[in-house]
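Undergrad: The residues making up each chain are set out below.
Protein chains: 2
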Amino acid sequence: MMRDDSGCRDLENFLHAQIPITREMGVAVEESSQTRLVLTAPLELNHNHLGTAFGGSLSAIATLAGYGLLWNLLDDPGLHIVIRESSMRYLRPVKGEIRAICAAPEESAISSFRVALADRGKARISLRVTVEEEGEICMDFTGEYVALGEGRK
Amino acid sequence: MMRDDSGCRDLENFLHAQIPITREMGVAVEESSQTRLVLTAPLELNHNHLGTAFGGSLSAIATLAGYGLLWNLLDDPGLHIVIRESSMRYLRPVKGEIRAICAAPEESAISSFRVALADRGKARISLRVTVEEEGEICMDFTGEYVALGEGRK
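Listed in order, the protein sequences are those of chains A and B. Just so it is clear: in the first sequence, position 12 is 12 by the numbering used here, and no numbers are missing. Just so it is clear: in the second sequence, position 69 is 69 by the numbering used here, and no numbers are missing.
Any given hint could be a false lead.
[What the hints assert, rightly or not] In silico SDA-like links for lysine to any residue, alpha-carbon gap of 25 angstroms or less:
(1) Lys122(A) x Ile137(B)
(2) Lys95(B) x Glu24(A)
(3) Lys122(A) x Gly51(B)
Hint data in this document are derived by calculation from the structure and do not stem from the laboratory.
All chains, please: the whole structure from these sequences, using the hints.
TA: As structure tokens, then:
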């Protein structure tokens, strides 16, 4: 648990201020580093008509987890980061707290991404996020994110 | 505009009561039939750090639009409907109201789906949802939904 880390609080405050629906969803940052980002949200605010987590909330939190990890990796507020495409498989229902985990990709992928961004002012990276409960993967998400340097927006 | 249709109000009330985050997102039902479903949500509640629509909100609304169309097509509260997988491409930013449109698939796909559901108590259907603004597709979503008959949950 890195919940008391100021990086978690900073990211959580940023999300709640800049992306207001994250506040209504009760999104919290449990862990935040350049290697791993963990977001949580309570079921009470994010359930569906069946009493399990709403697929749209899972998708939104997974999308955010990818953004968060990429912000941590790049640590440059001048960059413009967007999601270009994503795909996800819903493997089993989430019955309690939503917990989305984005682990950094391999170092070689990060290096290629940084080189492309430096050379061309634009780069694309694929990030995987899993939503897990009791050691099982409930939702498996892959997102393609694009970073654009200043002036390339 | 079919906004005054009682089917729209019924679906909107159902969404807000059963999937509470839809209320916080300001999701409204603009059109609701067995051939087409249109959901909207205001940018003010769903913007991101760039002032355009948050990808997670777009994904959530598209997911809902597919659910809504399938509920309309099947019109059977005893069925259990879930999303199994989805993929989406973000083509251009949404700068104003979010508007997600799900048109019913071809009649042959609906017939196959109904036959499988009747024969096996379980069936899968692919639904496409587009988020459009000023005549342009901003996000293109495809979701695979599964319906399970009573007793097959």
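Undergrad: Do the alpha carbons of lysine 95(B) and glutamate 24(A) lie within 25 angstroms of each other, as the hint requires?
TA: holds (21 angstroms)
Undergrad: Is lysine 122(A) within 25 angstroms of isoleucine 137(B), Cα to Cα?
TA: holds (23 angstroms)
Undergrad: Is the straight-line distance between the alpha-carbon of lysine 122(A) and that of glycine 51(B) 25 angstroms or less?
TA: The given pair, whose Cα atoms are some 21 angstroms apart, holds under the 25 angstroms limit.
Hint violations for this structure: none, all hints satisfied.
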